[in-house]
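A.B. asks: Residue-level listing of the chains:
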Amino acid sequence: MNEKTELDKNKEKSGTTHKIGIYLWIWGLLFVLSFFSYMVDWYQFQGLLRWSLILFFMFLKAGLIMAFFMHLFWERYALVNVLLWPMTAIACFVGLMVAEGKYTVFTRLIYFVLGE
Amino acid sequence: MSDSSLENLPKGWKSVPSDLGSDQTAFKGVQWGKAMMWIFLLSDTFIFSCFLISYMKGRASTVVDWPNTSQVFSLDFMGVPVPLLLIAIMTFVLITSSGTMALAVKFGYEKNKKMCGWFILATAIGGLIFVGMQAFEWSKLIHEGVRPWSNPFGAGQFGSYFFMITGFHGTHVSIGVIFLFIFARKVFRGDFDTGKRGFFTTMKSDYVSIEILGLYWHFVDLVWVFIFAFFYLW
Numbered sequence: 001m002n003e004k005t006e007l008d009k010n011k012e013k014s015g016t017t018h019k020i021g022i023y024l025w026i027w028g029l030l031f032v033l034s035f036f037s038y039m040v041d042w043y044q045f046q047g048l049l050r051w052s053l054i055l056f057f058m059f060l061k062a063g064l065i066m067a068f069f070m071h072l073f074w075e076r077y078a079l080v081n082v083l084l085w086p087m088t089a090i091a092c093f094v095g096l097m098v099a100e101g102k103y104t105v106f107t108r109l110i111y112f113v114l115g116e
Numbered sequence: 001m002s003d004s005s006l007e008n009l010p011k012g013w014k015s016v017p018s019d020l021g022s023d024q025t026a027f028k029g030v031q032w033g034k035a036m037m038w039i040f041l042l043s044d045t046f047i048f049s050c051f052l053i054s055y056m057k058g059r060a061s062t063v064v065d066w067p068n069t070s071q072v073f074s075l076d077f078m079g080v081p082v083p084l085l086l087i088a089i090m091t092f093v094l095i096t097s098s099g100t101m102a103l104a105v106k107f108g109y110e111k112n113k114k115m116c117g118w119f120i121l122a123t124a125i126g127g128l129i130f131v132g133m134q135a136f137e138w139s140k141l142i143h144e145g146v147r148p149w150s151n152p153f154g155a156g157q158f159g160s161y162f163f164m165i166t167g168f169h170g171t172h173v174s175i176g177v178i179f180l181f182i183f184a185r186k187v188f189r190g191d192f193d194t195g196k197r198g199f200f201t202t203m204k205s206d207y208v209s210i211e212i213l214g215l216y217w218h219f220v221d222l223v224w225v226f227i228f229a230f231f232y233l234w
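Line order of the protein sequences matches chains A and B.
Okay, so the first sequence: first residue is 1 according to this note's numbering, each after it adds one.
Okay, so the second sequence: first residue is 1 according to this note's numbering, each after it adds one.
No lab work stands behind these hints, which were simulated from the structure alone.
Treat the hints loosely; a few may be bogus.
[Unchecked claim] Below, a list of computed lysine-lysine pairs in the DSSO-like style, where the Cα atoms sit at most 30 Å apart: (1) K102(A) to K11(B); (2) K14(B) to K19(A); (3) K28(B) to K14(B); (4) K140(B) to K19(A); (5) K19(A) to K113(B); (6) K34(B) to K19(A); (7) K11(B) to K19(A); (8) K114(B) to K34(B); (9) K111(B) to K196(B); (10) K114(B) to K19(A); (11) K19(A) to K196(B); (12) K111(B) to K19(A); (13) K111(B) to K28(B); (14) K19(A) to K204(B).
[As the list claims (entries may be wrong)] Selected chain A positions facing chain B (in silico; Cβ < 8 Å): (15) Y23; (16) F31; (17) D41; (18) M66; (19) L79; (20) K102; (21) L109.
Glycine is no exception: its CB is placed at the ideal position from the N, C-alpha and C atoms.
Just chain A, same shape as in the assembly:
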């Protein structure tokens, strides 16, 4: 490939820009959401409420960062699919290890506590 076409190609590739407002909005939202997730600990919510609030704020923050700061919202669908589907494998792994953890603590209670 000669130099001229390479340079032209780069010029064409140089991406789209988005309005500054959208970045500032996401930035502000991330601050507010982080503040809320800190408040979960501050007010010492416990049990199911604590877990669901932590997960809710976490996924919202992660989604905002990926979609707008990392431009995934505007990205080509083929790339988005290649990136997001592997997350189901991680979800499966989490499920497997939850079961494994329960089994381990069960055997430990049986042999360490009842065994004595």
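Mind docking chain B on chain A? Use the hints.
C.D. replies: Relative to chain A, chain B alone:
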């Protein structure tokens, strides 16, 4: 690939099989470096997931009580212990640096050399502050007797997971800071305006590199969101 030829390609869900089954490039209109950075970040996601999943399994299966992170990571502010104070500040610093990075990418694409460079520098300084506070946190915990094999607060596994997960994340931040300084210099020198060739490559510099650097930096912030939720808050 130019925008006009992108227009003629299928859009939405139909673009997935047509892109992946096409010739030469799988991701149409995506610069190759950006696609490769995404693939790298995907593999990094799996590494961090393995750490966090092993932490979950370790914490779920111990019969000893897990240390109360709210107390372990509290910091005295004017004589009053404030829970998770340092961690909260670290979170806000990292989000701030993520925001400045997003603006640097935007100004880069607008070929605004000065603003792009200053925002990259601001991002790097945010990263430095973060690593500094993490070093402070580590030394504080080590002084309090937290070790990878035991600690005075509860289950012995706590220390090993803490040092492994935050240490690996801190390494990522440190590497990011180094690259941010290198790219700030390249931006101010005008490499991306003149298309100067890079040190490791014969290819011409382009502002798309700033977006690729930004992807890495946002990923570091993204991982911290998960560590903050699972390790500190849970």
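A.B. asks: Does the alpha-carbon distance linking K114(B) and K34(B) stay inside the 30 Å limit?
C.D. replies: holds, 23 Å
A.B. asks: Are K28(B) and K14(B) close enough, with their CA atoms no more than 30 Å apart?
C.D. replies: Cα-Cα ~13 Å, so holds.
A.B. asks: With 8 Å as the cut and Cβ atoms as the points, is F31(A) at the interface with chain B?
C.D. replies: The hint holds - F31(A) has a Cβ within 8 Å of chain B, the shortest such distance being about 6 Å.
A.B. asks: Taking only the CA atoms, is the gap from K111(B) to K196(B) under or equal to 30 Å?
C.D. replies: holds, 15 Å
A.B. asks: Given the hint that K14(B) pairs with K19(A), does the C-alpha gap stay at or below 30 Å?
C.D. replies: holds, 28 Å
A.B. asks: Sort out whether K28(B) lies within 30 Å of K111(B), counting only the CA atoms.
C.D. replies: holds, 24 Å
A.B. asks: With a cut-off of 8 Å on the beta carbons, see whether Y23(A) makes it to chain B.
C.D. replies: At 5 Å from the nearest chain B Cβ, Y23(A) passes the 8 Å test, so the hint holds.
A.B. asks: Does the structure keep K34(B) and K19(A) at a Cα separation of 30 Å or less?
C.D. replies: Cα-Cα ~21 Å, so holds.
A.B. asks: Holds or violated: K19(A) and K113(B), Cα atoms, limit 30 Å.
C.D. replies: holds, 18 Å
A.B. asks: Would the hint on L109(A) stand, with a C-beta cut-off of 8 Å toward chain B?
C.D. replies: holds, 6 Å
A.B. asks: Has the given pair, K19(A) with K196(B), been kept, meaning a C-alpha gap of at most 30 Å?
C.D. replies: Roughly 28 Å between the alpha carbons, so the hint for K19(A) and K196(B) holds.
A.B. asks: Grab the minimum C-beta distance from D41(A) to chain B and call the hint holds if it beats 8 Å, violated otherwise.
C.D. replies: holds, 6 Å
Hint compliance for this structure: hints 1, 4 are not met, and every other hint is.
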